[in-house]
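A.B. asks: Start from the sequences and build out the full structure, keeping to the hints where you can.
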Amino acid sequence: MSTLEIRDLHVSVTDPAGESQEILRGVDLVMRSGQTHAIMGPNGSGKSTLAYAIAGHPKYQVTKGSVTLDGEDVLAMSVDARARAGLFLAMQYPAEVPGVSVSNFLRTAITAVRGEPPKLRLFLKEMRAAMADLSIDPVFAERNVNEGFSGGEKKRHEILQLQLLNPKIAILDETDSGLDIDALKVVADGINRFRATEGHGVLLITHYTRILRYVKPDFVHVFVGGRIVKQGGAELAEELETSGYEEFVKKAGAPA
Amino acid sequence: MAALQGAVETTAPVSRLHEQRSYDPADFGVPTGREEEWRFTPLRRLRGLHTDAPLPGGKVTVECDPAPEVTVENIERGNRRLGTAYVPADRVSARAFTSFAEATVVTVPRGVVASRPTVISVRGDDPAGAVFGHVVVELEPLAQAVVVLDHTGSATYADNVELIVGDGATLAVVSLQDWASDTVHLSHHHAQVGRDARFTHTAVTLGGSVVRLAPSVRYAGPGGEAELRGLYFADAGQHLEHRLFVDHGERNCRSRVTYKGALQGADAHAVWIGDVVIRAEATGTDTYEYNRNLVLTDGTRVDSVPNLEILTGEVVGAGHASASGRLEDHHLFYLMARGIPYDEARRLVIRGFFGQLIAQIEVPELHARITSAVEAELA
Ligand SMILES: Nc1ncnc2c1ncn2[C@@H]1O[C@H](COP(=O)(O)OP(=O)(O)O)[C@@H](O)[C@H]1O
Ligand SMILES: [Mg+2]
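Chains A and B supply the protein sequences, listed in that same order. Take any residue in the first sequence, count from 1 to its spot, add 97: that is its number in this note's numbering. Take any residue in the second sequence, count from 1 to its spot, add 2: that is its number in this note's numbering.
Hints are computed from structural coordinates only; laboratory data are not their basis. Check before you lean on any hint, since a few could be wrong.
Said to hold, decoys possible - Reference excerpt, derived from the structure (chain B facing chain A, CB under 7 Å, subset only):
#1 His332
#2 His333
#3 Ala339
#4 Leu350
#5 Gly354
#6 Gly357
#7 Ala361
Claimed, not checked - Far from chain A, by Cβ distances over 10 Å, these chain B residues were calculated:
#8 Trp40
#9 Arg49
#10 Lys61
#11 Thr172
#12 Arg200
#13 Thr260
#14 Thr314
#15 Leu337
#16 Met338
#17 Glu346
#18 Phe356
No experiment lies behind these values; they were computed from the predicted model shown. All residues carry an ideal CB built from backbone N, CA and C; glycine is no exception.
C.D. replies: Following this line, the structure appears as structure tokens:
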């Protein structure tokens, strides 16, 4: 049983003019393994900023608040230590890493997260099985990480890592966007397999309600202007489907 | 020589106007550092290789371990077989040509395929005095061979390497500058690439205090192919300079230049000059040159100067790219977000940067040695 606790989180970035800009303005969220939370909000509302700040991206400065995983101070950990502690971020725009093959990358990451290198034969078996689950062509194992992958291939590759690295809490940043319906189902199946296993929690960041038809959330948070402006159950997503974000944006007085 | 000096060029390439060629050092002035071809080189660190200073002492041993199908001769300076493909283009090169004791001449007979690499080891045992060298590798038509030049130890050394690739022949040269940290090495590797011949050259420069290597290619007939690759890693205080020149003077020839380097530490200096000339008669030329530098710390300096001069309207392709930059934060972040510690993420990215170049080297036995030498630089 794991708990991710975000308290009054304020995060700033430095804009191109060198000015510090506050993007997150007091985010509170508590989630436990076994739960699926959806964060929904318009573009530019700070959803990715929240995800990056939790993962420890150096561009995002936490100016106030706390993030803990099972009571441990996440913000005090290095990026790699956060991952080893059980946090996983499926990125909206995964980086291409030239010259590093997928299989080499996965093996290195698994070694780091599990604390010992997997036996080569077992690793290959495990990797191939996971790739088959996600309809990823086996040749991708020898391609460079994300290099020349289509948008959908990148997203499936993120879920492949989720499956192999087996974190406690998975933050999925718009893993659904840019996917055709078949790819969306494959990705949703992957997320559902992860959810079905004990001790796993999912924070699903999305702009659209489409994926929530396949991955039913327990809680929905409407995110506008750098904070959560409304919370509810799965029915809140349906409400958003019909009414959109405008009403919340107006109320929050923030530019969408 | 006749071809070089006899050709009357109506449209001489502007980029080579400063160039002069001679076997006689007296035909070149002592460089001052203001000349185009010397302006990046730290002359004060050359131990007089570029001046008139007498240079007694010094010890460099050249040994050849040939493939069984190949002949190796040691030939004294002055023999007519030396200097046929290459006329020195600077003073140090001319000094080397008029000063070496004995040349190593490797010949691969017509149509013969060498069954294993021929290794020429150049080992320095004393850097106190200058030593000059000369190597000729001649592949007769349709021959095939791989030649490794393996430079190790401490030396003050200048040499010329003539590479003659006969019509339809295939020559791969791998030159390792794996010198000790006090070595000064100035060298010209010139290839004459015959009709439909194929030539690859890989420079791996990791050691030495000052290394200045100038690989050049001239085509002796149409249809030739040249691929020049390089990998260097400049540490604190090291000056590693590579000066490429591909002279397209024949029809339908192809050239590729790919050099990648990394720099770290105070006053690590890398220089890459990529000159490509496509002369008026060289229609159907296909060329591309690429240099990329990875800057790992502050205090380093990179000079990367591609220069492509095209004197014909009919090329198949002609381009260049040069970029220098830091390790990408988003690469490191991505790897670290998967639990991989910083040092290891950095190693992965740098290994990836050089990996493809190393994998292309025609001597598989060298891959592990070069990979671990690069890793040692990172440690
Ligand atoms: N690295 C950054 N540098 C500067 N501004 C940023 C950076 N990341 C995000 N921002 C700004 O923060 C705001 C929120 O962005 P983001 O978190 O990506 O929103 P969302 O994911 O909800 O679309 C935007 O105005 C964006 O321009
Ligand atoms: Mg986003």
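A.B. asks: Take the hints in turn and mark each one as holding or not.
C.D. replies: We went through each hint and held it up to the structure:
1. Because the beta carbon of His332(B) sits about 5 Å from the nearest beta carbon in chain A, less than 7 Å, this interface hint is met.
2. The interface hint given for His333(B) holds, since its Cβ lies 5 Å from the closest Cβ of chain A, which is under the 7 Å cut-off.
3. Hint on Ala339(B) holds. Least Cβ distance to chain A is approximately 5 Å, under the 7 Å limit.
4. The interface hint given for Leu350(B) holds, since its Cβ lies 5 Å from the closest Cβ of chain A, which is under the 7 Å cut-off.
5. The closest approach between the C-beta of Gly354(B) and any C-beta of chain A is roughly 2 Å, which is under the 7 Å cut-off, so the hint is satisfied.
6. Residue-level restraint check for Gly357(B) holds (minimum Cβ-Cβ distance to chain A is 5 Å; threshold 7 Å).
7. With a least beta-carbon distance of about 10 Å to chain A, the hint placing Ala361(B) at the interface is violated under the 7 Å criterion.
8. Against the 10 Å criterion, Trp40(B) stays outside the reach of chain A, whose nearest CB is about 35 Å from its own CB.
9. Taking the minimum C-beta to C-beta distance to chain A, about 38 Å, the non-interface status of Arg49(B) holds against the 10 Å cut.
10. The beta carbon of Lys61(B) sits about 40 Å from the closest Cβ of chain A, which is more than 10 Å, so the claim that it is off the interface holds.
11. Thr172(B), annotated as away from the interface, keeps every beta carbon of chain A farther than 10 Å; the closest lies near 27 Å.
12. Every beta carbon of chain A lies more than 10 Å from that of Arg200(B), the smallest distance being close to 26 Å; the non-interface claim holds.
13. Listed as a non-interface residue, Thr260(B) keeps its Cβ farther than 10 Å from every Cβ of chain A; the least gap is roughly 13 Å.
14. Every CB of chain A is more than 10 Å from the CB of Thr314(B) (nearest about 34 Å), matching its label as outside the interface.
15. Against the 10 Å criterion, Leu337(B) falls within the reach of chain A, whose nearest CB is about 7 Å from its own CB.
16. The non-interface label for Met338(B) is inconsistent with chain A: the shortest C-beta to C-beta separation is roughly 4 Å, within 10 Å.
17. Distance check on Glu346(B): its Cβ comes as close as 7 Å (rounded) to a Cβ of chain A, failing to clear the 10 Å threshold; non-interface status is violated.
18. Distance to chain A contradicts Phe356(B) as a non-interface residue, since its nearest Cβ pair spans about 8 Å, not more than 10 Å.
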